[in-house]
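**Q** So the chains spell out like this:
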Amino acid sequence: MKNDVLIVDDDRSVIRTVKRILTRAGLNVYVAESGEECLNHLEKGFQGLILMDIIMPEMDGWDTIDEIVKRGLMKDIIICMLTGKDEPGERMESLKEYVIDYIRKPFNMETLVDVVKNYLSYLK
Amino acid sequence: MSVNTITIIGSSAGGPRILKEIFKELPVLNGAIVLIQHMPEFINIPFCESLDQLTDMKVKIAEDWESLNSGVVYIAPSGRHLLIHRNRQIRLVKGEKYHHVCPSIDVTMKSLTPQGGIRHIGIVLTGMGNDGAEGIKHIKNVGGITIAQDEETSIIYGMPKEARLTGCVDMILNPGQIREQLVNLMNLQ
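As given, the protein sequences belong to chains A and B, one line each in that order. Reminder that position 64 of the first sequence reads as 64 in the working numbering, one-by-one numbering, no gaps. In the working numbering, each residue carries its 1-based index in the second sequence increased by 1000.
Calculated directly from the structure, the hints in this document are not laboratory data. Please note that the accuracy of each hint is not assured.
[Stated by the list, open to error] To be clear about the criterion: a stretch of chain A counts as covered by chain B if any three or more of its residues have a C-beta under 8 Å from a C-beta of chain B, and this derived list gives those stretches:
no. : region
1   : 70 to 76
2   : 115 to 123
[Claimed, not checked] The calculated PhoX-like cross-link candidates involving lysine-lysine, where the alpha carbons are at most 20 Å apart (straight line), are:
no. : chain 1 : residue 1 : chain 2 : residue 2
3   : B       : 1058      : A       : 70
4   : B       : 1161      : B       : 1137
5   : B       : 1161      : B       : 1140
6   : B       : 1110      : B       : 1097
7   : A       : 44        : A       : 75
8   : A       : 117       : B       : 1024
9   : B       : 1110      : B       : 1058
10  : B       : 1097      : B       : 1140
11  : B       : 1020      : A       : 117
12  : A       : 124       : A       : 75
13  : A       : 117       : A       : 19
14  : A       : 124       : B       : 1137
[Unchecked claim] Taking beta-carbon pairs under 7 Å as the criterion, some of the chain B residues facing chain A (in silico):
no. : residue
15  : 1046
16  : 1077
17  : 1079
18  : 1083
19  : 1100
20  : 1128
21  : 1129
22  : 1155
Only a predicted model underlies this, so the values are computations on that prediction, with no experimental measurement involved. All C-beta atoms in this analysis are idealised placements derived from N, C-alpha and C, irrespective of residue type, glycine included.
Next up, chain A with everything else stripped away, as it sits in the complex (with noise of 0.2 Å):
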């Protein structure tokens, strides 16, 4: 739990990078490509920090967080977005207090290495 991170994204270029990142600084990494992937790993139990992109199609990473909170299934886990959008809109204002905080795309590698230890760390 203290090492699992859970990749939410559209984009397979982004998640190799990410990964490859993430799993060199020696952390388990697991990918969702849609919101409804990502609410499959939490109904399995995964606990640790989500890396959510906010526009996917479908099921955006708003719309995931809706759900996440709506099956109750906010336990656990630590939620940063992972995104090129410059400003959340108002439609997010009510989901503000389940984000921790926001990685804008493209992402220094340490910064990211940082922030996730950082927040992992949090998790017992």
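Dock chain B against chain A, hints included.
**A** Chain B in isolation, oriented as in the chain A frame:
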């Protein structure tokens, strides 16, 4: 025993990263700091422990009816609003979310009352939305000092921007400068 300075720091998304910069090697200051960070409840304690390792100040989760003491950082626990009762004690109150959050920065800041000899400082850091803006206005109105994080270093420039737009922010600073101002304004103990 009462404190002579009460500083309220409010932060949301990206806050833990910024707070790490502000609290790193922060010496014991003359006054109490109350920290409102929007976060899931289960990380309250590890977040508190991680900040405690960074500073010489004592960092703890706030408790209901606890007296404010100098040299202590009080973290608002998730799920309850934190009010400052008569500038002396902490009250933790179950209540409706305000600006979609509980605890709300505004609720805490607006509970401060003008009182001779006690200085108030309000700081709004990175975060989405407008929590903290009303609080900053209130702190200015009761004679306090107000600070907002600058756009460049804010992970999300929502709350600091809304605070700035009230016209009641005295200083717009980066985390290093906020740390310096805390030391200057709260003096070393």
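**Q** With reference to the structure, classify each hint as holding or not holding.
**A** Verification of the hints:
1. Closer than 8 Å: that is the beta-carbon criterion, and the region 70 to 76 of chain A has 3 residues meeting it against chain B, so the requirement of 3 holds.
2. For the region 115 to 123 of chain A, the assignment as covered by chain B holds, since 6 residues bring a beta-carbon within under 8 Å of that chain's beta-carbons and 3 suffice.
3. In summary, the hint linking residue 1058/B to residue 70/A is not supported, as the alpha carbons are separated by about 37 Å, beyond the 20 Å threshold.
4. The suggested pairing of residue 1161/B with residue 1137/B holds, with an alpha-carbon distance near 13 Å, which does not exceed 20 Å.
5. At roughly 16 Å between alpha-carbon atoms, residue 1161/B and residue 1140/B fall within 20 Å of each other, so this suggested pair holds.
6. Restraint check: the Cα-Cα separation between residue 1110/B and residue 1097/B comes to about 15 Å, which is no more than 20 Å; the hinted pair holds.
7. Our distance criterion of 20 Å between C-alpha atoms is met by residue 44/A and residue 75/A, whose separation comes to about 13 Å.
8. For the proposed pair residue 117/A and residue 1024/B, the alpha carbon gap of about 17 Å is at most 20 Å, so the pair holds.
9. Distance check on the hinted pair: residue 1110/B and residue 1058/B sit about 25 Å apart at the alpha-carbon level, beyond 20 Å; violated.
10. For the hint linking residue 1097/B to residue 1140/B, the alpha-carbon distance of about 24 Å lies beyond 20 Å, and the restraint is violated.
11. Restraint check for residue 1020/B and residue 117/A: the C-alpha separation of about 14 Å stays at or below 20 Å, so the hint holds.
12. Of the pairs offered as hints, the one joining residue 124/A and residue 75/A holds, with about 13 Å between alpha carbons and a cut-off of 20 Å not exceeded.
13. Of the pairs offered as hints, the one joining residue 117/A and residue 19/A holds, with about 14 Å between alpha carbons and a cut-off of 20 Å not exceeded.
14. Distance check on the hinted pair: residue 124/A and residue 1137/B sit about 39 Å apart at the alpha-carbon level, beyond 20 Å; violated.
15. At a threshold of 7 Å, the smallest CB-CB gap from residue 1046/B to chain A is about 4 Å, leaving the interface hint in force.
16. Interface hint at residue 1077/B: violated, since its Cβ lies 13 Å from the closest Cβ of chain A, which is beyond the 7 Å cut-off.
17. Hint on residue 1079/B is violated. Least Cβ distance to chain A is approximately 10 Å, over the 7 Å limit.
18. Contact between residue 1083/B and chain A, as hinted, is not supported at the beta carbon level, the nearest pair being about 19 Å apart and thus beyond 7 Å.
19. Among the interface hints, the one on residue 1100/B holds; its C-beta lies about 5 Å from the nearest C-beta in chain A, closer than the 7 Å criterion.
20. Interface hint at residue 1128/B: satisfied, since its Cβ lies 5 Å from the closest Cβ of chain A, which is below the 7 Å cut-off.
21. With its C-beta approaching chain A no nearer than about 5 Å, residue 1129/B sits inside the 7 Å limit, and its interface hint holds.
22. For residue 1155/B, the suggested interface contact is upheld, since its CB lies about 5 Å from the closest CB of chain A, less than 7 Å.
Checked against the numbered hints above, the structure breaks hints 3, 9, 10, 14, 16, 17, 18 and satisfies the rest.
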